[in-house]
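Here the protein sequences come in this chain order: A and B.
Read in order, the letters of the first sequence correspond to residues 19 to 329 in this note's numbering.
Read in order, the letters of the second sequence correspond to residues 19 to 329 in this note's numbering.
Treat the hints loosely; a few may be bogus.
Repeated chains share a single entry, so a pair holds when one copy, or any two copies, can fit it.
[Claimed, not checked] EDC-like cross-link-like pairs, simulated, lysine to aspartate or glutamate; straight-line CA separation at most 20 angstroms:
1. K153 with D246
2. K110 with E284
3. K105 with D20
4. K306 with D182
5. K261 with E51
6. K273 with E221
7. K86 with D271
8. K273 with D323
9. K309 with D246
10. K121 with E284
11. K303 with E147
12. K261 with E154
13. K123 with D182
14. K124 with E284
15. K277 with D323
16. K153 with E221
17. K128 with D254
18. K309 with D271
Hints listed in this document are in silico derivations from the structure and should not be mistaken for laboratory results.
Number of protein chains: 2
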Amino acid sequence: MDKLTFQNTYHLIKPYIHRTPVLTSQSLNAICETEIFFKCENFQKTGAFKMRGAVNAILSLTDVQRSKGVVTHSSGNFAQALSLAAKNLNVKAYIVMPSNAPKVKKEAVKNYGGIIIECDPNINARENEALRIQKEKKATFIHPSNHDAVIYGQGTAAIELLEDYGDLDYIFTPVGGGGLLAGTILAANYFSNGCKVIAGEPEEADDAYRSLISGNIEINKTSNTLADGLRTHLGDRNFPIIKEYVEEIIRVDEKEIIKAMQLIWERMKIIIEPSSAVAVAAVLKDKKRIKNKKIGIIISGGNIDVSNLPF
Amino acid sequence: MDKLTFQNTYHLIKPYIHRTPVLTSQSLNAICETEIFFKCENFQKTGAFKMRGAVNAILSLTDVQRSKGVVTHSSGNFAQALSLAAKNLNVKAYIVMPSNAPKVKKEAVKNYGGIIIECDPNINARENEALRIQKEKKATFIHPSNHDAVIYGQGTAAIELLEDYGDLDYIFTPVGGGGLLAGTILAANYFSNGCKVIAGEPEEADDAYRSLISGNIEINKTSNTLADGLRTHLGDRNFPIIKEYVEEIIRVDEKEIIKAMQLIWERMKIIIEPSSAVAVAAVLKDKKRIKNKKIGIIISGGNIDVSNLPF
């Protein structure tokens, strides 16, 4: 992965994404005794950074591949992102979703133009069904996080943040499947002057934390966390990057996640989802290191059922 | 009230307020078949536009007046705004609040540096207590909405909006005490090319709507609305402006307010309070008139207890 490809990625996806605003908050700065710059991907199309990687994955296909469509399995933000990215690029998107996925998520995928294929709610059924679509439709499988073009795409949020604020000391992201974290690390390596990347991870789904210790990709035995975007594990494309360059992975518990989410809602008047609050909670947990520094946080998304809140 | 004073007001208060962002939403535009520009005063200091008028009211005092402090009665956004504005200008702020005001509101006023004086929870006690402070401390009374400097100050949100988007056809605001509406009308008259101003008002507190019909300031017999910032009535400083220039006052019911609020939360990922949702609900109710126009909406604030939502 090289700097030039990364720069090209950004220029190619630009017309299909929002350049999201970077917000600041005097009260958050006061609480943390530091300067924080919030890169608001909750204002991105489909309400999450996933749009960046989805667009780039489709743009990286050949014309023949595009004519056959793309397929993924996801019930979360990537399903919506791939659906809209595909629609905007005149490509078919087959989305494999478990039959018990919430109706509201199915509706969102449909509204963005995705073609839903339901499967039994387990990982084998999901993968088999995606494989069937690949064979039957000759569609290209796009993994939500373990895919080079996706990783580059997700890293463009940090490119924009560093264009606006080039002297950040740290960027914090959440870590789930590892696409955003790996992309952010690459962006910091290529486009900053020594900015380090730290990830927040739920204690209840701390596979990435344990993977760093063991040196192998670990999986979650439980994933009993509100941060529903972070229940997945790392992959062979993003783990080597994370393993080599991440400064630290900070684990946060569910109470810390809820507290961080409520703090941002109340002080900044923006809606962030629990997965984003994980990165904020990591910042709050690490006040000593960040004191009087310049911190970026990738606010990954804002998709949450506002009629069912944890506070 | 003249254009030059208005321009001076804006330049004087600038260092003490945020120039709030103007957001747009493709999905809201699609729903309304129009172009909408949201002036986000929920991102203003203290979470509401009231900061503008509060700063201007204090700046318009003489040095002797400033040395004696200011007093108001409010349990809402103006109490917080006057407290912070006074603190930032090294002036004492006495805030008369009913003894049964929510603890969280008292805490906010205290945190912003206001001096709370509790009174019995009725309008007479409130006014008597404010009068007592005026006499005892020689403090200057600042009315939250019926005060020239406050009206000018509140109008600066529309000045900024029109600086960014000079060709708006309509600006929508909520109407409660009338300060924001009157200020916005003056801004549109002086700084736009024929932009008209429309207000939204809760059916449950439709004093302004009835005042327009009768030609006199009417008061609310009930004020059973979620939009707690709009339960007050107009005054002799702002009513003449509203009466002469407002294009229309559109009443919306509680269901429409809740629906509009949820729509903005879900689609735009920003937190707006019920009073702001009243202006959005008015836009949604008036789709025919606004079709293919350019619309501004003053999102007046984002102060709401997120642990106690109506959806």
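Status of each hint after checking the structure:
Taking the closest pair of Cα atoms, K153 and D246 never come within 20 angstroms of each other, the shortest separation being 30 angstroms inside a single copy and 59 angstroms across copies. Taking the closest pair of Cα atoms, K110 and E284 never come within 20 angstroms of each other, the shortest separation being 40 angstroms inside a single copy and 26 angstroms across copies. In this assembly of identical chains, K105 and D20 lie within 20 angstroms of each other by CA distance neither inside one copy nor across copies; the values are 29 angstroms within and 52 angstroms between. In the homo-oligomer, the alpha carbons of K306 and D182 never lie at most 20 angstroms apart, since the shortest distance is 25 angstroms inside one protomer and 40 angstroms across protomers.
Taking the closest pair of Cα atoms, K261 and E51 never come within 20 angstroms of each other, the shortest separation being 30 angstroms inside a single copy and 49 angstroms across copies. In this assembly of identical chains, the alpha carbons of K273 and E221 lie at most 20 angstroms apart only when taken from the same copy (11 angstroms versus 40 angstroms across copies). When the C-alpha separation of K86 and D271 is checked against a cutoff of 20 angstroms, the pair qualifies neither within a copy, at 43 angstroms, nor between copies, at 49 angstroms. Taking CA atoms no more than 20 angstroms apart as the test, K273 paired with D323 passes in both settings, with 19 angstroms inside one copy and 19 angstroms between copies.
Taking identical chains as interchangeable, the C-alpha atoms of K309 and D246 are never at most 20 angstroms apart, the minima being 30 angstroms within one chain and 39 angstroms between chains. Taking CA atoms no more than 20 angstroms apart as the test, K121 paired with E284 passes between copies only; the shortest distance there is 16 angstroms, against 29 angstroms inside one copy. In this assembly of identical chains, the alpha carbons of K303 and E147 never lie at most 20 angstroms apart, being 41 angstroms within a copy and 45 angstroms across copies at closest. Taking the shortest Cα distances, K261 and E154 never come within 20 angstroms of each other, neither inside one copy (37 angstroms) nor across copies (68 angstroms).
Proximity of K123 to D182 under the C-alpha cut-off of 20 angstroms is found in neither arrangement, the shortest distances being 33 angstroms within a copy and 36 angstroms between copies. In the homo-oligomer, the alpha carbons of K124 and E284 lie at most 20 angstroms apart only across protomers (16 angstroms), although the nearest pairing inside one protomer, at 30 angstroms, exceeds that limit. Both within a single protomer and between protomers do K277 and D323 lie at most 20 angstroms apart by alpha-carbon distance, with minima of 17 angstroms and 14 angstroms respectively. When the C-alpha separation of K153 and E221 is checked against a cutoff of 20 angstroms, the pair qualifies neither within a copy, at 38 angstroms, nor between copies, at 59 angstroms.
Taking the shortest alpha-carbon separations for K128 and D254, neither the intra-copy value of 31 angstroms nor the inter-copy value of 53 angstroms comes in at or below 20 angstroms. Neither within a single protomer nor between protomers do K309 and D271 lie at most 20 angstroms apart by alpha-carbon distance, with minima of 22 angstroms and 48 angstroms respectively.
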